[in-house]
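Residues per chain, in single letters:
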Amino acid sequence: MHPHGEDPASHALRPASKFKKDYYGGALLVVVGLAAVYAGVGYRVGELAHMGPGFFPVALGGLLALTGLLIALSARGEEPASEEAVSHGHPGGMPDMRGCICIILGILAFLLFGEYGGLLPATFAIVFISALGDRDNSLTEVTLLSLAMCFIAVVVFWWALKLQLPLFQWGG
Amino acid sequence: MIGQSLHDLWFGFGVAFQGSNLLWSFFGVLVGNLIGVLPGMGALQAISILLPLTYVMHPVPAILMLAGIFYGSQYGGAIGAILMNMPSHPPHAVTCLDGYPMTKQGKGGVALGVTMIASFFAASVGIIVMIFASPLLVQIAFKFGPTEIFSIMLLGLLAGSTMSRGSPLKGVAMTIFGLLCGVVGTDVNSGSFRFAFNLPELSDGLELVAISMGLFGVADFLLNVNRMKSIGDTGTLKLSDMRPSKEELKRAFPAMIRGTIVGTVFGAMPGTGPTITTFIAYALERKVSKTPNKFGTGMIEGVAGPEASAHSKTQVDFIPTMSLGIPGDAVMALILGALLIQGIQPGPQLITEHPDIFWGLIASFWIGNVILVVLNVPLIGVWVKLLKVPYKYLFPAAMFFIATGVYSTQNSLFQIWEVLVFGIVGAVLMTLEFSVAPILLGFVLGPMVEENFRRALLLSRGDMSVFVTRPISGTFIGLCALLLMGVGYSAWRARSHRKAMLELPKAPDSAPPAEAVAIGGK
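If you're matching them up, the sequences are chains V and B in order. Oh and the first sequence: position 97 is 97 in this note's numbering, straight run, nothing missing. Oh and the second sequence: position 327 is 499 in this note's numbering, straight run, nothing missing.
Treat the hints with caution; some may be incorrect.
[Said to hold, decoys possible] Going by beta-carbon spacing under 7 Å, a handful of chain V positions derived as facing chain B: (1) A27; (2) L29; (3) Y43; (4) A49; (5) L60; (6) I71; (7) D96; (8) L112; (9) G118; (10) P121; (11) S130; (12) G133; (13) L145; (14) L167.
These are computed hints drawn from the structure, not numbers from a lab. Even for Gly, the Cβ is constructed at its ideal location relative to N, Cα and C.
Please put together the full structure from these sequences, using the hints given.
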């Protein structure tokens, strides 16, 4: 897996037709598959009767690259299909950038404060920052929501479920 | 023999109905239900949190309470999956596919109602099978060597990956990607690290709960933020909204029966968890349906079948756990652990040595399921209120639940990194019109597929033909081939149809052929 190479902003900004999406999707799989093959070869492949740790990753990587290639190839020459959505009925096109950035920053803030601040600051941070991602939220609403979640964090997770994360801690 | 079983069952009901036992059962169901609804908190977390409580309890109420937690959290997980698209227990990932669209259409109550009926029905069938057929099922399970297990898993993977909406090729690609994710960690045979990127936290592999929360929870928020006002915009939901209409029942009931059969058959097979059974049940529903292209848009069959299979599967799962001491999945392993802590050795002698535990447990399954129904009728109002919470409050709150819930699985912040990465990966893949559910299937089965593949070939000295020449395994491989041919044939037909359409320059206002739609973008 090489998730860091998959920046959602890089290729999806232009109005992507079905053709382009399958083309990029297939290409992405080929890259991931070949990366797995490359890494797998480094783990010693072995042979059928005595497979090394690399055998399975190499086989899977090869298969993934192959299916990726087939997907990219079969994208060629298709007219853009007008089906509304694929997996969960999501609207097509680009997601909202401000919302996405706030959600990602919220998780990163939870990680940071979870490590160096404790449960309460982490809770406040993740709710506050991700709520800011919604354009309809006002600062007061966001603050109240964050405080409410802090209350739940203390009562449900810290007190009732005995979560192993101190409410406050100073430094790691 | 049947008379004896019935007599023992009667004795079991006597044990389960004793005041304190009943009370602990109820307590378990209630707490499990509440914890199960929280995103990121499934049966596994609920049981591990309350396991220490059982150290000081008598064995019978302890095990009854654990069973209650198990049921309660499993049903709670379905609530989260249907109402909020958040599967806290991995088998419910499939329930999301059609349950959540139903909620968006204002039919979330019906989906919950059908889930309740399906789980009660399937669990009842599972219990009956467990009582009467366990000796037989145990014998069949013994016939399964690594070769057979690999073949049946291959069939499961293929059936599961072609179930996604849109191109089957993309489904297969996502399954392979999931299998690759399953490779992460320590190789059991050689002990070497694979894809661990020098991170000690990855030596145990990726965390299932973190992946499913990332792919289904965070990815969903990333795509829907600022695009949705609230999940269900229907005015009010009453108890009566849970009752499916006659038409809906007519569609759900056969699906329920098929799902129950799938769950029961797979329950007896060692090494197959409830996740794969729900995927297979879903694929089956899609195969028998007259409108397979509508799956994923809120088909009631897509909720009833998988839910029924999960519940009958978990019942039957107790057979290998109790009678052989082989747990089918992590939850069963915990229950096994609880038995061992009480000084009870699961095995063939368990039934004769501890009849109060074995039969009491079986009776408590039924009682637990009844409590669940009774409990959730008044609670339904609470659950549906969740829907009316505006999205702008719901998703930040859910982000907190996900982070805290995932943290609690191993008390480690590292799992939250996994949630983040898989959230982004899931959002990218969904934008590229891939369906992410097969990733989970591949991930769950990956380690077992690899292990059995390597073991089978080690035993045959590298001769691949064993998979075809051994009769049980050969049957499964044959079914795989049939499935592939079927998929290929319908794709080819769709393509030639489309070609024909393109050659007629102006096919006037005729609707596109059904197959072309069914195959989606292929």
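**Item:** Hints not upheld, ascending by number
**Value:** 1, 8, 9, 10 and 14
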